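> Chain by chain, the residues run as shown.
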Amino acid sequence: MLGKSKGTGLDGSFVQCAGCKKTLFKREFEDNLYVCPQCGHHHRLTWQQRVALTFDDGSFQELDSALRSGDPLEFPEYREKLEAAMAKTGMNDSVVAGVATIDGAHVSTAIADFSFMGGSMGSVAGEKITRTLERAAEDQKPAIIFCASGGARMQEGLLSLMQMAKTTAAVAKCREAGAPYIAVFTDPTMAGVLASYASIADVILAEPKALVGFAGARVSAQAQVTKVPDDFQKAEFGERSGMLDKIVERRALKQTLSSLVRVLGGGVR
Amino acid sequence: MLGKSKGTGLDGSFVQCAGCKKTLFKREFEDNLYVCPQCGHHHRLTWQQRVALTFDDGSFQELDSALRSGDPLEFPEYREKLEAAMAKTGMNDSVVAGVATIDGAHVSTAIADFSFMGGSMGSVAGEKITRTLERAAEDQKPAIIFCASGGARMQEGLLSLMQMAKTTAAVAKCREAGAPYIAVFTDPTMAGVLASYASIADVILAEPKALVGFAGARVSAQAQVTKVPDDFQKAEFGERSGMLDKIVERRALKQTLSSLVRVLGGGVR
Amino acid sequence: MAKSWKEWEKPLLEIDEALAKAKEIARKSPPDEQAAAEERIAYYEQRRDNIIRVMYSRLGAWEKVLVARAETRPYALDYINALCTEFVELGGDRRYGDDHAIVGGTAFFNGRPVMVVGQQKGRNIQERQYRNFAMAKPEGYRKAIRLFEMADRFGLPIISLVDTPAADPGVESESRGISEAIAASILAMFEVRVPSVAVVIGEGGSGGAIGIAASNRVLMLEHSVYSVIPPEGCAAILWRQPSEGAKAASALRLTAQSALELGLIDQILEEPFGGAHRDWDKATAIVGEGISEALAGLDGLSAEALKEDRYQKFRRMGKIAES
Amino acid sequence: MAKSWKEWEKPLLEIDEALAKAKEIARKSPPDEQAAAEERIAYYEQRRDNIIRVMYSRLGAWEKVLVARAETRPYALDYINALCTEFVELGGDRRYGDDHAIVGGTAFFNGRPVMVVGQQKGRNIQERQYRNFAMAKPEGYRKAIRLFEMADRFGLPIISLVDTPAADPGVESESRGISEAIAASILAMFEVRVPSVAVVIGEGGSGGAIGIAASNRVLMLEHSVYSVIPPEGCAAILWRQPSEGAKAASALRLTAQSALELGLIDQILEEPFGGAHRDWDKATAIVGEGISEALAGLDGLSAEALKEDRYQKFRRMGKIAES
Ligand SMILES: [Zn+2]
Ligand SMILES: [Zn+2]
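Line order of the protein sequences matches chains R, P, D and X.
Note that the numbering used here has the first sequence beginning at -13, numbered continuously upward.
Note that the numbering used here has the second sequence beginning at -13, numbered continuously upward.
Note that the numbering used here has the third sequence beginning at 2, numbered continuously upward.
Note that the numbering used here has the fourth sequence beginning at 2, numbered continuously upward.
Hint data in this document are derived by calculation from the structure and do not stem from the laboratory.
Not one of these hints is a red herring.
Residues on chain R that point at chain D, a partial pick, calculated with CB under 7 Å:
#1 Ala138
#2 Gly178
#3 Gly199
The model shown is predicted, which means the values in this text are computed figures rather than measured ones.
Cβ atoms here follow ideal geometry from the backbone N, Cα and C, with glycine treated the same way.
Please work from the sequences and hints to get the whole structure.
Structure below.
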């Protein structure tokens, strides 16, 4: 998450970078969009921060906020974990969906927040992603989805796995409707999310050094004796492997999204 | 080409295998579909032999046989080479097109014959391939094309290059019409032919050890220091690389083609 | 609770052995001892059936996992060979390679042209390596996509046979985009305009399984399993003990029965007495019938209706409360 | 006959140098010598223009090859940067890698959203290696396909900038299916429902070029070339002497003028005086205008009409006699 506030005499005016561990001025850190001015580490954002950095002021309208999980399997400790996550984040689940404008252009959007149970996808996250893509398809406007997830949510078992199919089906709807779909891989974008709606966006952007992969790094390494590249499962590795379009620094992200939204949404069919 | 007749007292009753160089009984060799019983070498076939081995007896009807090249660039020695090839093969160009039946099923077909200027594709070959695919599209029947070519025909310059686009466009027509297109890579299937209509067939079969590649082996080796696999640019290499569906021995080819024609041509749309 | 298939199946194997011996004795016995020998055989057969009845009537989630993974079960190619004629295996992704963990091709099923795709396990060490334990790499899913698109082009119903522990998680798979390949394969399954039926015949292992199972109808064999994560992996994450697989299996509700209750599959195909592995002929026939009926139920639907059926089917999946 | 660009361009470079010196002298001359200095400059400029006129008025096929390959010519990205705004470069084939020999992305061209794809050469050793001499590998064509399909999905006209000696002929390219990639790229270009314009800005090298040039309109810069085989390769095959490239170039008729005569391209874009490399601003403006006009000519055509236009255009290509 964010660089931790460091208890100093200046009551929270310093934070520590999660990358280089250096102490930073909080104000400077925030002005730099939560990117470490020393090492460039892109810190994870809450969904509210992401909205503020991406969309026109006040344009974001949340939708589907009432959806919450029903613990369908009565999975051990799931209810407790959900309640703790809700209390901690003030969210009902790991994804927030809505509509907004970016440089005046209307988009349907969803933002995953890693701080809610590792951004994991269960029935609720899957439903919100699906509705986000359906809204884009219906209104023929671009969808922008910010990914941040450890993968499918174990605690909803096969229901979570089926969210992979459901969200992918919604991507098919977008394609059929000619609605552009842009995914942004933020740290981390993994497993069941990566292996479904995330990887088949029309355009995929990623934040620098975001973790992007299918299997836990431990599993991958165990599975093979192959030498593992230094940046294995980083956005840079994904870019080199042809799996995404472009790594974009946070400061350039809004402008890039804005261009894409206007170009992809501006064609003649 | 075929194993050479060996001048013996038995007037041509022996041939020499082009693979293992062993002397074979001509009768046995022919009964074995021109495959060496010793080493399995699949000898090149004339188009007439291919027709005889593939289609129902007497079902092949040649079309477009009058097309011939006009030496549009007045390329040095081209006219002489064409005339020599015609005299040698009795063909007007490197591809013979027509319609036939296989186990009773109607197909549009083209057969390239390497003995005519190395099976090279100029305006005439390109036109015949295009018409073969157009006939398949129009009549909604499967197309079967036997490839055997060193590539585009240099002596027609850019006109030959454009045959790559033209024949590929015809494949697009087939796809749009829902007509199945099966290619058979025979020895050799190279360069401009491989990089156009040949590689994008719905199903690609190949004869064992057929040479299949983009660049002359010399060029490829020069271009990189990578270790070259032993079967580089052989059908087996292509199969391992995922570029074709199946290597089929000549004795099983008709049955495989027949199954494919009936399955792919028998769906409900 | 049995840890392994071997341990769990032991009583049954013992009685099988005793039965085989009894039969051997009967074969060698003089005519006047035949009646007694036959009696002994009948006794063992009855005992065996009793044991089977007991074992299989109370299969827990973990035992289902063991049965689903049993090496004696029919695998994808066994079903294909039993149910299809003129199977022409097609290979290659036209990009990088041919993956032997996924097999596929055209065939006639009940005389009807179809496209079959299945995950294929191996029965011995060589085969298992050749098949990579049915863990497909990107090129496997890309081959599947190619076949799905071909089926779409020529109006062939698609039959998927699902049997994989998971997609291949190795470094090479990662570098060639295993995630993209799975997602694209699911996408292709939603885009085809032909009917599709998937049967989970053994292990339905998470993303690796759904990659070829986004079908109009999804059937599961009675003792097959379908899970978002291997139970051992779940246990390792939750309780830091892969050995707690049984506990995780039960928590994950990975049985066919749970999947049906949750509305995630259409039908359970009852296995022969003692499981598919004890009677391949019956097992393949049952699967054949299941596919037949499922396809019959889709007959006459237009391309658009088939797509919409598939969309709505998966669209409904999920359990949500509103606050 | 000049063997190389350097040798051929030598007289021009000498006069350029003399001219530069004259200007330097003028800069340093006292006011009363200015008139003489200016006169000298004018003299050299006139001489230079005469030389250019002589050299460029009788460019043989081989000299065209030299000019088309000149390292001082604007390359694809130079045109993109000059002609487009908000270019967002998109990368990756979603299969294996990202190929820097082909660049592409979305942009606004004359304020209109477009997709641009081009083969990109490098200007120094590092760049040339990074760009692999603009010889694309399979992943380059597969990236192009992805962008073509995206353009199709969103109704963006496709602009191709062709400038490659050939597709990459290496062992790795072969193993990942360079032939398939080229063919599939051509196929994709025929399947898109949007207008497409290709401009050969330098070398149109055989399959490598046509892989991104199966467009509704194909334009060639005046001194660019387009050939089924590099002239050196042709000479090596026909006369076993790569050095006979000039002879082969002439036999192959690889100039823009021949291509137009043979009905294989739509238009020649006249280059600035002395060639595109002597005036990038004018060169890029000319190419921009050419593209603009070509796109304008396709405006209002329906998706079907655009596809049919493309089909018929290439369908006609070929010279055939009937016996
Ligand atoms: Zn830092
Ligand atoms: Zn031999």
